[in-house]
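Taking the hints as your guide, dock the two standalone chains into a single complex.
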Amino acid sequence: QQQVKQSPQSLIVQKGGIPIINCAYENTAFDYFPWYQQFPGKGPALLIAIRPDVSEKKEGRFTISFNKSAKQFSLHIMDSQPGDSATYFCAARRWDTGRRALTFGSGTRLQVQP
Amino acid sequence: DVKVTQSSRYLVKRTGEKVFLECVQDMDHENMFWYRQDPGLGLRLIYFSYDVKMKEKGDIPEGYSVSREKKERFSLILESASTNQTSMYLCASTALGGLSGNTIYFGEGSWLTVV
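Each protein sequence line maps, in turn, to chains A and B.
Position 63 of the first sequence, counting from 1, maps to 63 under the working numbering, and the rest follow consecutively.
Position 25 of the second sequence, counting from 1, maps to 25 under the working numbering, and the rest follow consecutively.
Hint data in this document are derived by calculation from the structure and do not stem from the laboratory.
What you are looking at is a predicted structure, and each value in this text was computed from that prediction instead of being measured.
All C-beta atoms, glycine included, are put in the ideal place defined by N, C-alpha and C.
A couple of the hints might just be wrong.
[Claimed, not checked] Covered by chain B, according to a simulated footprint, are these stretches of chain A (three or more residues, beta-carbon under 8 angstroms):
1) 37–49
2) 102–114
[To be verified] Simulated crosslink set (SDA-like; lysine to any residue; CA at most 20 angstroms straight-line):
3) Lys-42(A) - Leu-11(B)
4) Lys-42(A) - Trp-111(B)
5) Lys-42(A) - Tyr-10(B)
6) Lys-68(A) - Gly-83(A)
7) Lys-58(A) - Asn-102(B)
8) Lys-15(A) - Gly-83(A)
9) Lys-5(A) - Asp-59(B)
10) Lys-5(A) - Arg-51(A)
11) Lys-42(A) - Met-88(B)
12) Lys-58(A) - Thr-103(B)
13) Lys-42(A) - Thr-103(B)
14) Lys-57(B) - Val-19(B)
15) Lys-70(B) - Trp-111(B)
This is chain B alone, in the form it adopts within the complex (with noise of 0.2 angstroms):
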């Protein structure tokens, strides 16, 4: 089974607080996805990854930063946490194509509070 392990489940952090969230992929994953989940607004895409080093926006990356130094490691970074940063954030990883590029793989998600 594909396994995407997000390593921090619960955090609560200061407003202005650097924030790193991993997450690990053991399928040799080309993809990962950083998502967050609010209610009422579903998954927004905040960044995503096609492979080492390399990174492209997605739909909401205002505030933070990722990084992929490692093909199964994506970090997301809040430089300077705010309040409107509370949500929980998933990680996910797909292969690069064919039919088994079509699934995306969820991490159980890291609930992020920032007071």
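Looking at chain A on its own, in the form it has when it is part of the complex (with noise of 0.2 angstroms):
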């Protein structure tokens, strides 16, 4: 049961194209909602964040855009770079638990050609 649906699987677009990569998920009892980033052969790293109570938050060419009622949120990259070709991951935490491990989406594969 995968809770937190991420599409496309991969993704290729032009320097200063606009990628864009779509999560949905199911449970209300998320509240915290990260995007990662995942270069070849490290770990991921957290890109940008929002909670619940923002429909929009914007990090230098990074944005998230929050749906709560269609409980969807994306991630838009403006002008893009070679140097943004890489994996990324939506997530999602629950806030009921205390809980603090994320729940992730199954990942974006990106490429941005010269």
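See below:
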């Protein structure tokens, strides 16, 4: 049972394009939604995160859009660069258990072509 | 900077062997985790620990056990390795609460091949 569904599985864009990665969740107990970026041979690293009390958050070229009623959130990368080529994971965490473990999506492999 | 260190990056083990994966964090974090990463499946939680000698099963604990004797160290144990446990294993840690408790820090992963 996949609690966080991520799409697409892979994505190729040209430099300067705006890749969009989408995630959907089912559990309304989730209260924290981060995105992690992973380069080959490295562990994932936190990129940006959002709480459900806001609909959008921007950090540099990265934006999370959050739709609470649809239970969906997405990552937009503005003016994408070849250095953004990586695997991106969305994730979610429940508030009600105190459990700080994250539930991850299946990942999106992004390739930004020069 | 937070550092989560996985001592073994690449291992090849035989079916039936007992395997230990070690992880150390240097930020005095209360919570530590073991995830498994497989293509198309993302990261799946095996076990986590919220204190010394405390552990809780994650989503896929079968075939694994863990040990946390010291706060900074969290070990994953495969009692009898099987080929379907060939994967990349990621250790992670985070603080107990507050804003700093939101960020989970990962190690660089341990690639395990079971033959």
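Results of checking the hints against the structure:
{"no.": "1", "hint": "37–49", "result": "holds (count 7)"}
{"no.": "2", "hint": "102–114", "result": "holds (count 6)"}
{"no.": "3", "hint": "Lys-42(A) - Leu-11(B)", "result": "holds (16 angstroms)"}
{"no.": "4", "hint": "Lys-42(A) - Trp-111(B)", "result": "holds (11 angstroms)"}
{"no.": "5", "hint": "Lys-42(A) - Tyr-10(B)", "result": "holds (13 angstroms)"}
{"no.": "6", "hint": "Lys-68(A) - Gly-83(A)", "result": "violated (31 angstroms)"}
{"no.": "7", "hint": "Lys-58(A) - Asn-102(B)", "result": "holds (18 angstroms)"}
{"no.": "8", "hint": "Lys-15(A) - Gly-83(A)", "result": "holds (10 angstroms)"}
{"no.": "9", "hint": "Lys-5(A) - Asp-59(B)", "result": "holds (16 angstroms)"}
{"no.": "10", "hint": "Lys-5(A) - Arg-51(A)", "result": "holds (18 angstroms)"}
{"no.": "11", "hint": "Lys-42(A) - Met-88(B)", "result": "holds (11 angstroms)"}
{"no.": "12", "hint": "Lys-58(A) - Thr-103(B)", "result": "holds (17 angstroms)"}
{"no.": "13", "hint": "Lys-42(A) - Thr-103(B)", "result": "holds (17 angstroms)"}
{"no.": "14", "hint": "Lys-57(B) - Val-19(B)", "result": "holds (19 angstroms)"}
{"no.": "15", "hint": "Lys-70(B) - Trp-111(B)", "result": "violated (24 angstroms)"}
In summary, the structure is inconsistent with hints 6, 15 from the numbered list given earlier, while agreeing with the others.
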